[in-house]
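Participant: Produce the entire structure from the sequences given, and follow the hints as far as they go.
Take a look at the letters that make up each chain.
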Amino acid sequence: SAVISQKPSRDICQRGTSLTIQCQVDSQVTMMFWYRQQPGQSLTLIATANQGSEATYESGFVIDKFPISRPNLTFSTLTVSNMSPEDSSIYLCSVGGGGNVLTFGAGSRLTVL
Amino acid sequence: GQQLNQSPQSMFIQEGEDVSMNCTSSSIFNTWLWYKQDPGEGPVLLIALYKAGELTSNGRLTAQFGITRKDSFLNISASIPSDVGIYFCAGRDNYGQNFVFGPGTRLSVLP
Numbered sequence: 001s002a003v004i005s006q007k008p009s010r011d012i013c014q015r016g017t018s019l020t021i022q023c024q025v026d027s028q029v030t031m032m033f034w035y036r037q038q039p040g041q042s043l044t045l046i047a048t049a050n051q052g053s054e055a056t057y058e059s060g061f062v063i064d065k066f067p068i069s070r071p072n073l074t075f076s077t078l079t080v081s082n083m084s085p086e087d088s089s090i091y092l093c094s095v096g097g098g099g100n101v102l103t104f105g106a107g108s109r110l111t112v113l
Numbered sequence: 114g115q116q117l118n119q120s121p122q123s124m125f126i127q128e129g130e131d132v133s134m135n136c137t138s139s140s141i142f143n144t145w146l147w148y149k150q151d152p153g154e155g156p157v158l159l160i161a162l163y164k165a166g167e168l169t170s171n172g173r174l175t176a177q178f179g180i181t182r183k184d185s186f187l188n189i190s191a192s193i194p195s196d197v198g199i200y201f202c203a204g205r206d207n208y209g210q211n212f213v214f215g216p217g218t219r220l221s222v223l224p
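Keeping their order, the protein sequence lines are chains S and W.
According to our numbering, the first sequence is numbered sequentially starting from 1.
According to our numbering, the second sequence is numbered sequentially starting from 114.
It is worth saying that the hints were derived from the structure and are not from the lab.
Heads up, the beta-carbon is just placed ideally off N, CA and C, and yes, glycines get one too.
One or more hints might be untrue.
Unchecked claim - So these bits of chain W aren't anywhere near chain S, every CB distance computed over 12 Å: (1) Q127; (2) D131; (3) T144; (4) L168; (5) V222.
To be verified - Covered stretches of chain S (chain W as the covering partner; in silico rule of three or more C-beta atoms under 8 Å from a C-beta of chain W): (6) 41-47; (7) 100-113.
Facilitator: Spelled out as structure tokens, the structure:
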């Protein structure tokens, strides 16, 4: 299965600032996904990052708040904009793989003060 | 939208005991996945199921795709301390492109 690297692994940010999370995959993949995991909660899909076109956002998530880039088949970024304490979460990059399964990165743990 | 329920929400067991947990859905799924998440890590795939009634093992773990296609079960035999973590189920139906995740079962193993 694919190996996914996320940066940063964790960060502490001030309210009102923005942070960009990077996701690098060791092989070319068609589907890349961004999930949010709020403290003590399950995983919620933010958006599907499409190479060569705009990301597809799930209900409750908007491009202005979570802009996503997908410049090629191995890389994507998620920006969390104008952060507030409610954005404190683990943000996970995921790719679709053989056997219709999802492989996840280790996540980026974000704390907003 | 689709929702998954997992039971139990949390459990404390003695080392060496067997563990059973389940996941139920309000709709029919064609794929079930089981993941384990350790603290500070992303979820790791344990078992994937694709057919109603399918029973699949991965070491001490066994999972089953329920025959109603609305549920799935995960069993862990002879638990060990490293089994501690959160177990998530995820499912997808014929119409959905994306997986929906359950709320998780938090497992603690007492020595």
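Participant: It remains to establish, for every hint, whether it holds in the given structure.
Facilitator: Right, here's what the structure says about each hint:
1. Residue placement check: W:Q127 keeps its beta carbon more than 12 Å from all beta carbons of chain S (closest about 25 Å).
2. Its beta-carbon lying about 25 Å from the closest one in chain S, W:D131 satisfies the requirement of being farther than 12 Å from that chain.
3. Remark: the non-interface label on W:T144 conflicts with the geometry, its nearest Cβ contact in chain S lying 6 Å away (cut-off 12 Å).
4. Here W:L168 stays apart from chain S, with its beta-carbon at least about 17 Å from theirs, past the 12 Å limit.
5. W:V222, annotated as away from the interface, keeps every beta carbon of chain S farther than 12 Å; the closest lies near 20 Å.
6. With 5 residues having a Cβ less than 8 Å from any Cβ of chain W, the segment 41-47 of chain S passes the three-residue criterion, so the hint holds.
7. Counting residues of the segment 100-113 of chain S whose CB lies closer than 8 Å to any CB of chain W gives 9, which reaches the minimum of 3, so the coverage claim holds.
In this structure, only the earlier hint numbered 3 is contradicted, and the remaining ones agree with it.
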